[in-house]
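With chain A held as given, fit chain B onto it using these hints.
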Amino acid sequence: MIESLPLLSLITFLPLVGVLFILTIPRAADTNARWVALWVSLATFALSLTLWFQFDRTTADFQFVEYIPWIEDYNISYHMGVDGISVLFVLLSTFLIPICILASWTAITSRLREYMIAFLVLETLMVGMFCALDLFVFYVFFEAVLIPMFLIIGIWGGENRVYASFKFFLYTLAGSVLMLIAVLAMYLAAGTSSIPDLMAFNFPTGWQIWMWLAFFASFAVKVPMWPVHTWLPDAHVQAPTAGSVILAGVLLKMGGYGFLRFSLPIFPYASDYFIPLVFGLSVVAVIYTSLVALAQKDMKKLIAYSSVAHMGFVTLGIFTMNLQGIQGSILQMISHGLVSGALFLCVGVLYDRLHTKEISRFGGLVHIMPMYAFFFMIFTMASIGLPGTSGFSGEFLILTGAFKANTTVTFLAAIGVVLGAAYMLWLYKRVIFGKLEKADLKQMPDLSVREITVFVPLAILVFWIGIYPNDFLEIMEPSVSNLIDNYHLAMHSYNTPQLAGL
Amino acid sequence: MLGNLLLIDIHTAFPEIYLALASMALLLYGVFRGDGKAEEVCRLAVILLLGGIYFVYQNQTQNALAFNGLFKLDGFSSYLKILCLSASILTLMISVNYLKLQNSLRFEFPVLVMLATLGMMMMVSANDLISVYIAVELQSLSLYVLAAIRRDTYKSTEAGLKYFILGALSSGMLLYGMSLVYGFSGTTNFDSLAVVFESGTLHIGIVVGLVFMIAALAFKISGAPFHMWTPDVYEGAPTPITAFFAVGPKVAAIGLFIRVMMDPFADLIGQWQQVIILISIASMVVGAFGAIAQTNIKRLLAYSSIGHMGYALIGLATGTEEGIRGIIIYMTLYLAMSIGAFAIIIAMRKSDRVVENISDLAGLSKSHPMMAMAMAIFMFSMAGIPPLAGFLGKLYVFLSAVEAGLYGLAVIGVLSSVVAAYYYIRIIKVMYFDESSEMIDRNRPGVLNTVIAGSSLFTVGFFLYPSPIIAAAGVAANSFFDIL
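Protein sequences appear in the order of chains A and B. Per the working numbering, the first sequence starts with residue 13, numbered consecutively. Per the working numbering, the second sequence starts with residue 16, numbered consecutively.
Please note that a few of the clues may not be correct.
[Stated by the list, open to error] With a straight-line cut-off of 30 Å between C-alpha atoms, the simulated DSBU-like cross-links for lysine-lysine are: (1) A:K179 with A:K309; (2) B:K52 with A:K369; (3) A:K179 with B:K381; (4) B:K52 with B:K170; (5) A:K454 with A:K313; (6) B:K115 with B:K177.
Don't read these hints as lab results, they were simulated from the structure. Here the structure is a predicted model, which is why all the values come from computation and not from measurement.
Extracted from the complex, chain A is given alone in its bound form:
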């Protein structure tokens, strides 16, 4: 029975039902909006768990496929489906939204209804983007994410929020409009906008280079890769806590997902051609932004820069073009979504109490907030990549994959691991350890039940991925192998004529 239900559409659009409910809430009873948003997002998450249980882990095909003609004259359809690569991202999105809503329970007081609406709309758009199997449907979801995120940063953000929201909006828009041209060119060349069909289509090599670059412009900004990462620290610092969580947790993954869904399978030749570029930028991101992170005085900025570094690992892993590298990248993206989200929540906990994010304002918190110190420790270790946490599984696989592809790059990236340990441990030391000297810190209460409820599921997942990553690797394995096989097949066909010429 459940097979006949349009499951993906239900997951995608259920949050919008919540939006309609919230709109009916009178302004005076604003606080009900929280409960509506929480229940709707939990229901969405519960529904999305059917994906986890029903997903067929033996095939690389798209599953739960839905197909409805949309713009007939142009042969564009509403086409949805998930494979081993996207299903985890869908789950990540639906998992993080209730956490975000819980995290903003008391922090957001003004325009509560609008805030909850923005998050639910954001959920619809993110899930829709990961499920889209039509180029135009993908683009619509991909780009529309800008609207709620712009408002979240701009309305509920910090002091300098206008600058940050504009920078975020214009940077990402500039990247993705170039992708739009490429989308149109692909659609016209292949005569279809269906992503599975496009994967089978053989684009001429010269073309691939240009198309790849246009897509790269968009995804590199989203990831973000050095040197187009500068919007990220601003956006993170100004965004409200939950905004940072979703930004780091899901929005950055849209870029990595884009590489896996478009660049590699559709433009294999260009992807191969640009491996040195991606490796170079990734290594710079890993080392340079780690050093920058060391110099930060603001906690959120530090974690933002660490995000850039971690995403550098991801792009490195994707372009190793081998099973370990790509699986590691996906795992690292999931792990980073959880860990950096959790770290932003940790910062948020302090910000809610003291309204500052400056590292030097803290110190010695372990004496009054032991629970907090405990959770912060878990996520710090996961960020460093301590064995047993999710960060380790991801980074280890990426480095293994990278070692097969290029040892120099692996060596340089490994330096980043050391630097990562340095800035995270130093941050932890300065905030948690030391003497409790500042008077206002002494009054701070430890985590509330609500805050613990937020951290526990995150911590469980961090350990689950760290200790038994197989559950996650297994679900993506067929799709990733298929991706790599197709890539090698395509590269083989490009190389054969040259060999024959010799």
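Only chain B this time, still in chain A's reference frame:
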């Protein structure tokens, strides 16, 4: 025999003849009832224009030439006529209250709107240089008067005068270009001109004439570098009149532009394509950068409309059926967004004073959440952010450009849309991020709310089921590529 022919002619041009008679009758009625009953005249005008839509709709199935080839009825003209009529109806609806409060509601206003609409309908149906000129003048003269309708204020008269002088200049250029074309080809009829150019012989005088005509038409659609009048006239004219300028005449002028380029001069695409590309790029760039520094929202929308015309011209520059279809879709969506945005500007009053600065919108999201949301929808849509209607409009235009291989044009287009996005989201910033000092008045007339709600719902919902409009635009665009 002759009587029979005349009957067919009348039948073909019936909506126009009907509208001409109706506006004259309405004028008489208005004189008879006096200014005190101007509101009633407005209501009648709306009903008469609705009748116009009905007749256009009845007539649309046939393709025909009338009056010895001066007048052409086809799918393209029918579609655009319905657009122009709808634009006029919507502007009349949102204007009445505003003008009444300003004490400038005269019965001439609806009559002039009707006459201008008649001119627009003739513009998109013109099939001869002479009928082009007559139609353009009928429309323009009505618009000049409308711009200056508040003749007791300095700004409005200045706007009218400026518009008139520059408009007369452009009409002169149009006429001069036409005379050159006629002089070197020996005919003014579009079909005969097309036959002349088919043969391949081309005198340089024709090209010069063509360029003059393009310049004049670019003036009418306010394409850069012939856009100078737009910000001043938009700012000076009363807001409802500005709203009227921004939609109907633009649609008609673009329609005429397409008609002239695609009918008689279709075979000279090699000659005019580069000119159109240049105007298109210039308009997009001027529209994007010019608006950044504006503080008056009407001036800002003037630059925004210059930019929009640049995007529409991308479709014309391709010279393909896809391109024309893209423009038609673009103009339809542009109409909905602009009417909605102007309806909100019309609602901008503080303690019964008209306010027009962008900063006056500050805090709108708190005092008028629905209105702010509607304005945000229009602004995001104009910026071309999916899934709103404006995105789909741009999508089809860019699709045609990429299909025609005009990659450079498409890339400049999307990049300038990023620059333009800056000032659109600036308005959203003012409404949502800033705190207000003084609230905008709450007593909006119901009809304004209806128009705002309707156009914002259309802008949001268009992507759900775009097929009917896209199919209709396809039929309209096909008119140029199908033998009659």
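Evaluated hints:
Taken as a hint, the K179 (chain A) and K309 (chain A) pair is honoured in the structure, with Cα atoms around 22 Å apart against an allowance of 30 Å. With a C-alpha separation of about 66 Å, the suggested pairing of K52 (chain B) with K369 (chain A) is violated against the 30 Å cut-off. Taking the CA atoms of K179 (chain A) and K381 (chain B), the gap is near 24 Å; set against the 30 Å cutoff, the hint holds. Between K52 (chain B) and K170 (chain B) the CA atoms are separated by roughly 26 Å; this keeps the pair inside 30 Å, and the hint holds.
Taking the CA atoms of K454 (chain A) and K313 (chain A), the gap is near 25 Å; set against the 30 Å cutoff, the hint holds. Taking the CA atoms of K115 (chain B) and K177 (chain B), the gap is about 25 Å. The hint holds against a cut of 30 Å.
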